[in-house]
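K.L.:
In order, the protein sequences belong to chains A and B.
The first sequence begins at 1 in the working numbering and counts up one residue at a time.
The second sequence begins at 1001 in the working numbering and counts up one residue at a time.
Hints were generated in silico from the structure; no laboratory data involved.
All C-beta atoms in this analysis are idealised placements derived from N, C-alpha and C, irrespective of residue type, glycine included.
One or more of the hints may lead you astray.
Residues on chain B that point at chain A, a partial pick, calculated with CB under 10 angstroms [to be verified]: (1) V1021; (2) K1058; (3) A1164; (4) T1209.
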Amino acid sequence: MSEEREQSAGITRRGFAIGAGCSLALLGLGGTAKYIASDPKCRPPGGQEEDGLIGACLRCEKCREVCPNGVIAPAHLEDGFINTRTPLMNFKLGFCDYCKESHEGVPQCVEVCPTRALALPEGATPENVIIGKAIITEPWCLAYGDTGCRTCVDACKYEALELDEYNRPHVIYDKCNGCGECEYVCISMTAASLQTGVTDRAIVVRPVELYEELKGGLA
Amino acid sequence: MKKGSTKTLRTVTVFLALVLVAVGYYSHVGIGNVSSVGWGALSLICPVGAIEAMLATKTFIPQVFISLVVIVVLIVLLGKVFCSWICPIPVFQRWFPGRKARMSKESIHSASQGGDDSEKADLAVDTEASHVSSETSCEPSSCGSCTTACGKKTSEFKLDSRHAVLGGALLSTAIFGFPVFCLVCPVGLTFATVLLVMRLFSFGETTWTLFLFPLIIIVEVLFFRKWCSKICPIGAFTSLVSGLNKTFRATVDETKCLRTTQGVECGICHKVCPQNINPQNPSESPVTMNNCTKCRTCADNCPAKAISFPLFPKKPGAQVPQKSGIKGTDTLVEYAE
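Using the sequences and the hints, build the whole thing.
P.N.:
So this is what it looks like as structure tokens:
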């Protein structure tokens, strides 16, 4: 293929061997990284098309740098080798307000992305750009322990959380866009826990693809 | 001695680049890193990454294409300066020299200071061959049929293993739909490691990546000592374009060079060149002048201070043969007269 043509153009045998070896290694690397299973991730706005994001992201960190809320974090090896250094949402560090306050509703991560790995479709609004969906792990939730906690309900700007007759929060699936503010403000595990063995906050945002699987609760 | 001053300066510029990116990481201004550096929405994208991104997504991305054009223009104007002035990899290799590098450095060091006879003999053997070959091929009058004088070959470009690696990287990217080389690019991973260390201290973020990235870098550039000249696809891309570069090219002042003034085959400029270019006789050099990274090592080490990097070639007739060979010979004759 391309190597053969180059050989005829005067490349040495040794050079050809090095080039062919490295090319094979890169082909193997590409295939291995692509087909090692990796779970869907919560991506910044505009990164919901996973193929588009993985295809164009050069891991330049600009989106993470400009995020005024500091919610974007680089993915690590633990998130899948192919994802390393790509942007993920870490709602422990912040939440996404679609830059409503700071940038008139134009997400700055999308604006600075040099390769359009983050790109919003026409007519995108905070309500229809779905980063993920919130999931409540009931045994871990303080409100389910009759404490009257309503931190997440008060924080939600999209009326996606409602309290039932026992003052326990429920997620309204269709209204949740995964902005992550509920997870960011949740005091379970950060300030108080009702039981031992709690490994995460009581309300967390997870990718839409994983919602059905995880809805039963993370506990 | 002023010797090595450029080397220190180059280490400083590499560190400045790292510090600048680190400040960007910290201050949220959006400078990015070498994968894509810029201010706000304006970015200069790594040319290999730019091609990979368009291949992987199979889309034409205008801003990426514009950046690619700007990068090409920059390479035409400045040559392969990125390699020696910004890229951190050569610095790592200098810090952790291989056995071979240490040995050759010692021999060059003593040779440039006069050295003893055995080393002089060693140098002579090495340079004799090039001298003979240069005599046979480097006579403009003997090149009757080829209208260009021998120096023209300097801009001729040679394919080598790096171009095959670049081809392989692009092929893999096109097949698997993501920028494959970016995953293991030692330059990108160096900047990523800086970020990981910063995040370790500011957020207590612990990850295996902190071991993985340095490991990849070590394997690539310390085990494969010839990474830059044999493998690096970024270097492959820049060397494809740098043949068009005519400014700041290494130029030997024939009135100072020991070879032309005293007939001494000192050859130090060739021996010290990290790219293995022979500035005295680029046409016969094992590596073409396209691969010159303008590191100035030859100029710093030349005992006669005969090598300079002028903005424009000074005497177009005498130093760099002109496009029309006949005209060039005329100028040569004029100079002789």
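K.L.:
A separate judgement is required for each hint: does it hold in the structure or not?
P.N.:
Here's how the hints hold up against the structure:
no.	hint	in the structure
1	V1021	holds (9 angstroms)
2	K1058	holds (8 angstroms)
3	A1164	holds (2 angstroms)
4	T1209	holds (4 angstroms)
Comparing the model with each numbered hint stated earlier shows that all of them hold.
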